[in-house]
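S.K.: From just these sequences and the hints, can you work out the full model?
Line by line, the protein sequences give chains A and B. Residues in the first sequence are numbered consecutively from 1, following the working numbering. Residues in the second sequence are numbered consecutively from 1001, following the working numbering.
Treat the hints as calculated values from the structure; they're not laboratory data. Using N, Cα and C, we set each Cβ at its ideal position, and we do this for glycine too. All the pointers check out, no bait thrown in.
Computed footprint of chain B on chain A; a stretch qualifies when at least three of its residues, placed anywhere within it, have a C-beta under 8 angstroms from a C-beta of chain B:
{"id": "1", "stretch": "31-43"}
{"id": "2", "stretch": "99-111"}
Keeping only pairs whose Cα atoms sit at most 25 angstroms apart, straight-line, the calculated DSS-like set for lysine-lysine is:
{"id": "3", "chain 1": "B", "residue 1": "LYS1003", "chain 2": "A", "residue 2": "LYS41"}
{"id": "4", "chain 1": "A", "residue 1": "LYS36", "chain 2": "B", "residue 2": "LYS1105"}
{"id": "5", "chain 1": "A", "residue 1": "LYS40", "chain 2": "B", "residue 2": "LYS1105"}
{"id": "6", "chain 1": "A", "residue 1": "LYS41", "chain 2": "B", "residue 2": "LYS1105"}
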Amino acid sequence: ETGVTQTPRHLVMGMTNKKSLKCEQHLGHNAMYWYKQSAKKPLELMFVYNFKEQTENNSVPSRFSPECPNSSHLFLHLHTLQPEDSALYLCASSQDSNEKLFFGSGTQLSVL
Amino acid sequence: DAKTTQPTSMDCAEGRAANLPCNHSTISGNEYVYWYRQIHSQGPQYIIHGLKNNETNEMASLIITEDRKSSTLILPHATLRDTAVYYCIVNRDGNYQLIWGAGTKLIIKP
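M.R.: Below, the structure is given as structure tokens:
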């Protein structure tokens, strides 16, 4: 148990569906992250929130929409995804920007 | 930011010390060396980090060369549960953009 909980654990969706990934951290951290891990590729940073404010957006397509209502919760809203978006989506948190990251178990997403 | 070079894969016998090397020859003076590992189908797990001095915790030891151009992660008594991909990353304060490479796939054999 890392203190970072992601739901759902697995998700299958069609290209026209709208779904959301949820992340919750119980560590009192200030920063939260979304990462994407495609098969046989390194982890890619998607978004960073620090004190609920988005500080990084790595040219992620608009079909991925993050939301951070408070410093403990992070969402990733998905709509009109493509099959190439199938991947493991990981949430992480840290106390500050250079502190160690705590990751959730991820959501394995399949887009059909 | 500096990049790292790691072997693609390594084997180690159960109960022996696993020594995982990492080359970071372009590391800057203000960059730390971090190690994470990722067990299959899970999120990465922080192991240890250091700046100049060697570090030890309950999971592992980190040995950083004096010129800081390379480091070694040591798992003193490897178990089958240590089978994972191990990532070596360098990063400075204030930078969220960690560069994750392919890591080293460590297989512990009985």
